[in-house]
Structure formats: C-alpha cells, structure tokens
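Enquirer: Chains U and V are the protein sequences, given in the same order.
The end of the first sequence is residue 391 by numbering that gives the first Met the number 0, with every number in the run present.
The end of the second sequence is residue 596 by numbering that gives the first Met the number 0, with every number in the run present.
By construction, these hints were calculated from the structure, which means they are not laboratory data.
One thing to keep in mind: the hints can contain errors.
Simulated crosslink set (DMTMM-like; lysine to aspartate or glutamate; CA at most 20 Å straight-line) [stated by the list, open to error]:
no.	chain 1	residue 1	chain 2	residue 2
1	V	Lys547	U	Glu222
2	U	Lys202	V	Glu156
3	V	Lys547	U	Glu221
4	V	Lys547	U	Glu226
5	V	Lys569	U	Glu226
None of these values were measured; they are calculated from a predicted model.
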Amino acid sequence: MTGKTDFLENFSEPAGLYIHVPFCRFRCPYCDFCSTTDLTLIPLWRKSIVEEAKMWAEKFPFFDTLYFGGGTPSLLKITDLAWLMKELGKVFSFSPDLELTIETNPEDVCPSRMKELRAWGFNRISLGIQSLSDENLSFLGRRHTAAMSERALWETKEAGFKNVSVDLMYGLANQQKQNWEKILLRLLKNKPEHISCYQLTIKEKTVFGRRQKRGEKLSATEERQEELFLVTSAILRSHGYLHYEVSNFAAGEDLKSRHNLKYWRRQPYLGLGPGAHSFLKNKRWWNVKQVKKYCQMVLDGQLPVACTELLSGQQEKLEKIFLGLRTSDGIPANLVSCFSGENFSLLEKKCFLQRKGDRIVPTEKGYLVCDVLPLWLSGDWPVLTLPPLPEK
Amino acid sequence: MVSRRNFSIIAHIDHGKSTLADRLIETVGLISKRDFHEQLLDTMEIERERGITIKSQTINLPYQTPNGQMVELNLIDTPGHVDFSYEVSRALACCEGALLVIDASCGVQAQTLACVYHALEHNLVIIPVINKIDLPTADVERTKEEIKSQLGLDPEEALLCSAKEGTGIENVFKAIVERIPPPSGSPEKPLAALIFDAQYDSFRGVVVSIRVFDGEIRPGDRIKLLSSGNIHQVEEVGIFRLRRESCPVLSAGSVGYLIAGLKDVAETRIGDTVTRQDRPVAVALPGFREMKPTVFCSLYPISAEDYPGLADALARYVLNDAAFVYQRESSAALGQGFRCGFLGMLHLEVVQERLQREFQQSVILTPPTVQYRFWLHDGSNLLVDNPFHYPEPARIRSVEEPYVQLTILTPERYLGAVINLCLKRRAVQVRHRFLRPGHVEIDSQLPLADVIFDFHDTLKSITQGYASFDYQPDCYRPADIVKLDILINGEKLDALSMIIHRQKAYHRAVQICEKLKKEIPRHQFQIVIQGAIGGRIIARSTIPAFRKDVTAKCYGGDVTRKRKLLERQKEGKKKMKMVGSVMVPQKAFVAAMKIEE
C-alpha cells in the first residue's frame, strides 16, 4: 500500500465516513429511521460493513471525519467497535486530526467504556439526552432519566472527551416556554461543546404518527414551536454558542460538527451500512434499507446500492442554495441570478435574509422558513406563500 | 329510377338501437361478421363508453329484396339523450319512417314516448320493433300491451327481433321496404336540400350531410346556403357507406354528403337549406328548430400558458359540434378563457371529456348556470347567463328563471321518493297518473336550473335506475335569485361568482368557503375566505398564517428527498393562480365547483 501523502496529493478534499448502526434495543415511538431490534444480526452486519468498505476503497481512500450513527451505536460492544476500527484502518486512510464521533445513549455511558472509546481514538461523543425533564423523557419513550443524563455527561467529560454534543428535543405537546428554558439552562450548567435542538416532528409511519392520526395531540402548536425555536436561539447565543445550522449550536468555531458540515457544504461523504447515503462530485447514491438484504448483497460481492442519481447542473445549484441556506455560511450572492435581486430585497426587508460581504445568509427568522426560502429567493414560488406538499 | 327508403332508428337508452343498426349493416354485407367492431355507428370513444349516441351517423345500405329488386336504404342514426333532442329533430326531418326499438324486458320507457312524439311531429311511419326477445326476462305480451295503451300504436304491427342474435332481421328489412313510403320530390324542380349534420375533415374541410328533397346536385354546381346567402362551388358529392363514396349526382330523395370548400362548420348551419345559385328555391325547407344552449359556463386553461392550446382545441372541436357555442372571456382570477353554451349538463361533460381526450386539454369549469331574465326598473329586460353580466342590484325590479315541463316514468314503489325529489327541486303543479298497474307517470314543472345539474343522477339513484325522464322548455317564472360572490382577503374570485337561488346561497357559500380552506395552502399572513351577497357576508372561513416551514434534520446525509420535494413544489407553481397576494391552486377551483347537495 502506498503512503498516506500520496493519497493527499491525489485527493485535495478529504471525505466523511458515516457508518450506520441499524440496531436498537427498543424502537422510539417518534423515530422512522432505519433500525431493527434483532441484535443477533450484529456479527453479520459488522462483517458486511468491512466488506462494503473494501468495495469503495479506491474511490474514497482518505477521510477526516468518521461518524457512527444509528440506530443505537452505543449498544455495540467495545470489541465490535475495536474490530471495526482495526479493519477499517486496513482499508482506508484517516487523517491524523480525524473527527471521530459516536452517538451514545445516556444509559450506555460508564467510565470504563468511555475510557476505552478514548483509547480507540473516539474524540467526540453525541449524547442522545433528548430532555432533562423526566416527564418529557417518558413521553418520548426513552429509557433514561434526567439524572442519568447529567451523570452521563459528567462521566463523558471525566473520561477526557473535549468535544461532547448533546441532542435535545422540544416542541412536545403543551410544552411551555418556561419548561423548555429550564431544560436549556440546566443543560448549560454542564457546558456541552455542541448542542443539537430538534423540534419534534411526527412522521407518518411511527407510533406517534398513528396516534396523531387517531386525533391525539403530540406536538406543540406552530405558534409555540416558533416561540421555542426563537427562545432556543436567543438563550444559546447569549451563552456564547454559534447558531451555525437550523438545529445546531457550537461553543466555538472548531467545535462545529465537521462531519455534518460536509452534508451541508456538499463535500464528499461515504455512507456504509443499510440505508446509508453517499455523495461524490455530482453523484448521490444510497443503500438498501433492510439489514438482511444489505448483508446478503454485500456478502455476495454486490454493491448494496438501492439507487444512484447523477445531478444536473441545475440540481447542483438547487442543492447549493437549499443546503447553504440551512447554515450560517449562507450562499455566495452570485449564486442567485439578478432576477432574484428583487426577491432578495424583499426577503431582506422582511428579515429572512441578510447580506454578509459577498454572501447571503439566513437570519433566525429565515431559519424558521428555510424549507421554502430557496424557492422564494429563486422566484420559483411567490414570497410569503407556502407551497403545498405535492400529492403522492 | 332507384328505389329508396330513408329511415331512422329511435329508442330509449340501452334498448338496443346501435346493435340493431350494426346488424342491418352486417346483413346487407357491407362488412363481415368477423371484423365487426361492436356498435359500428357509435364511433366516438365516449359514445362507446357511455353507450349513448351523441353525433348522428348516416349509412347507405344497398338492400336486395327477396324478389331481387335493389333498394337503397338510408339509415340516419339519432342521438339518444335528452340533451341532444335537437339532433334527433334534424335527423327525423330527413326520414319518411322510423324503427321504434323497445326492449322486451323493460317495455315502454319515458324516452320511448318522447321518441314517438318526435316521430309523429315529422309525420313518420313508425315501425315498432320489440328487441331482446332472446332474454329470459323478455315479456313480449306486456310490451305489446304497452305499445297499445301507452303509445297508441297497433301492437299487431310490432316486429319481434333479437338484434344481438340476429333473429327477425329479415322481417325488419321487409317492413322498411313495404311500410315506409319512398321519398317524394322531383329531380326536375329547383334544388332544395337540408343540412342535417356536418363533420370536419382535416383534408377536405367540412363534409356536409344533406337530404335532397327536390332537384339534383353535382360537382361543379354553384350552390347557395339560404341562411347566409353564401355561394360555394361543389367539389364532390357522394353517399355514406363505411367510408364516404363519391358519386356523380345526388338527386331528389337521396341522402348523402357534399364537399364545397367550406372551412368552418359554423358556416354550415344545421337546418339550413342548400339550393343552386342559378336556380334557387323560393322558400327554405321547414321543420328545424334552432339549437339553443341552455347551460352556460366558462372554461379556463389550467395554466395561463395553455390558453393558446385551449383556443386552438376549441376552434377545432367546434368544427364537429355545431351545438356548442363559445366566445372569449377574461377573468381576473383565471386569466383568459371562454364563455360557453351547452345543450345540457351531459353535453357539457362530453365537451369537457372530448377536450381532454382528443386535444389533451384539461380545463377549469366555472359553475354552470341557466339563462335568467332580469326585469329592470326602467321597464326593459335583460337575459343574463353569466355572473359577470349580473345587473346592478339597484336596477333590478324582478328576476325570472326558465322552467321546464318534466315527465317522469317510474314504477309505483318509487312514487313518494320521486315526488319528494321534485318538490325539493322546487317543482310546481306535480301531477301523476297511473299508466297501468304499478307504473306511474309524473308531470311537473321545475326550474331548469334544478333539472340540469344532477337531477338525472339523483333520480336514477333514488329509483335504482328504474325511472326515466324527459323535459321540454316551458316558460319563465319569477324567482328569488341572487349573485353569490366569493372573496379571498377581500379580493373577489370572479370565476367562482354564481347566480343562485337565495335559499341555496347560504349553504353553497359555506360549502365553498370550507372547500377553499382545505385547498388553499397557508401563507405568512392570515387568509379570510368569505361568501357574500352584495355587501352582506353570509359565510366565512379563515386559514391561519404559517409560522414555520423547516425540517429539523437532514438524516444521515439524505439530501435527495428534500431536493426532490423542492423540485416538485417548483413544478406545482404552474398549477396555482394568484388572487391578490394569495396563491390559489387550480384544484381549489375544481373542488369548489363540484356540486353537492
């Protein structure tokens, strides 16, 4: 095998590696992501990940981020992770300053495990705390408590992790502003380096989806969601966090999620595992979702790809706009045609967008409508009106 | 001289008119049984699907009698729905006789009676044909009894046949030749020919269907159309077989076609008289009613850029449907479109479907309306068939609406339900009489507006399909009529304005407000939808402003899903109309115009 530097010469842009761990002990009632509770498949999956990696070794030789997402990656034994790290190290090259993240449930944190993760090179922990209210946690069907969460956070830091991210969820039915503020302030006492705050969204094919269809109210009103979103941003920014993406806050420039930034900045990434998405140059593809089918295809020597698409110039431009407008990076002003100049002025006047040097960036208010913002800016949809969801 | 018979087949829907026609064509050997396309005369797809005839078709059948004599039989097929009774009258005027087809299982139906009336009006010899005698449910004796009691015809003259099985067909031919008189008229007299149909042929222009009453017509003749006085030179004449077959001359008594460089069906008015320029007839041929539209509505393209396409489609469509009238119109909400007149709701639906199928034009229809008469304070009166032309309320003294004389035939067990339906539709003078035990005829006068919309469907559903009906225009009667406007954030949605009975306005307004609320997407501001009569708001719904439109997370780098959503939303813009600052989807108009009781 040739040295790492050779690869660096050939590939100016290091890629991100995502590994999808499709296993959960229980299925959360709000989650529609690809996962199974059949843990007996882990050995087969583990083997398949490495085999799939080998298939991509030529196209993706060099990574500077590695992210174990799920699912529940923290239910993997350290031996599984160790084996994967060792085997992947044989296939790919990783940058010396690799950002190596693993999503972890609070109930899976213990000092010894965290130390071993450190030893295997993990340097970023994304804790699925979700809430610091026991009532909210049981509503969300989580198996941990607020106290366990705080302990997990403390033990993670204690183990020497300098980059800890916390996932929170808000906008639950009847959630009051005060309730959410209390949760945020309690979390801030623990000084996490990174916070992701997601609004509870009800997906059709979930337990929550079915309950909502029966008429149950599970998420807050839109007015409340708006209020909570703005409160979140205001509080976290006042504590020195950068609101660098719709749902993401970092305590400093270097503490932004480098891996997730690749998605928004359209940098190359490879997703391994069932349902994982990949992107390279002008190509996107994603794997089959079913764990068994995935494993079978890989072990048969087949690429487990479900679908591939080649992006047209226009599609690339659309992606640049809508992904850029999700982040504080915004987009280069010259990306939108002069035709949109008028729209930009209006959106600027209405405080959805602002100009920063030669870039157009969203405001807090802009983040709130970032799904429709690209259409408004490009003139593909009249400003201030909401396009209906297309019929299936 | 060639022996001829000109006849038509008349029947209630589904009594087997087309099947009998097919069997006659097959029997004279114009086409072999093997490559017979079921119901040959119903050529349009929609006709075949709905089992009804819309356009008249004509065919010349060379029939050899058992004693070897050749007789030219002209079968003029007639449409079979109340909306198209005008076409029936044209076709019948060209005949000397008619086969009256009656289903042996169903007996005499409302339309059967209507057909007999039409035929008698034109002094036709009527030959009753009892069809479908092969069916186990056939009741020939009862049918004969009905022919006598309800139609006043001699049941002994009725022929028995099964068009499907081909039994009794020879007797039908025999009766046509023996009972229907040959056409009178003289080839020496000045040319007098009736236009009873016109079809557009993209290579030859208008092909005009004519019946020659007197005189002769040949290629090269300079002919004059009496109504317009326009002169044309005949290029070709001929007869209708399975295809057109040209011939040197059409003389008195013949039915056939002429081609004379006519570019537009509208130029050839159905019912017009064709004569020769050098030797014209003094008087036009009688017997035709003018076709008058009874239902009016506007057609708008789904998106403004489709307007030229729709304009072109209508121009081509009207070449083959002289009963359809249209003119340009423009709406603030929907842009450029057309105001159109139809013979009835079925005609409207047929036009809409044909535009869709034959010309790939999807259209938005505004609420259909009838023609109201407004009496103004200055003593003048005004006929209004378009909400756009609704007079200033201060000028209106009173309003009248058209009524029809409606005849319904139904089994007795539905009598109560049918009378209820009539009363619900504002019927006056409801009378009924028993035709025979178990069968009732209900006569009443109803506002046309209440008959044209969904009366047919409702009647069929409450009587499980047993009742049938027919109607004739009657008179105008006073009506409590208002104009209902729909406002979106104060802006009038002109295309949704409608002229409506006051009692129904409230209900309709609430319905429309609710429907629009469901269909209009949310905006960054509140949208108020109102139904108003004059300045008075009678219904209201609101769509709250949206506060956010953001997906929390791009899971695991799935960018495609979001991009595809945006792409589809972009496409959706074409299907939206801007009303003031509100985006209204096309389907909102479509939904709002669906009529529900």
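Enquirer: For every hint, state whether the structure bears it out.
Expert: Structure-based check of all given hints:
Taking the CA atoms of V/Lys547 and U/Glu222, the gap is near 8 Å; set against the 20 Å cutoff, the hint holds. Note on U/Lys202 and V/Glu156: the hinted pairing is violated, with a Cα-Cα distance of about 73 Å set against a maximum of 20 Å. At roughly 7 Å between alpha-carbon atoms, V/Lys547 and U/Glu221 fall within 20 Å of each other, so this suggested pair holds. A threshold of 20 Å between alpha carbons decides the hint, and for V/Lys547 with U/Glu226 the separation of about 10 Å falls inside it, so the pair holds.
Straight-line distance between C-alpha atoms of V/Lys569 and U/Glu226 comes to about 29 Å, which puts the hinted pair past the 20 Å bound.
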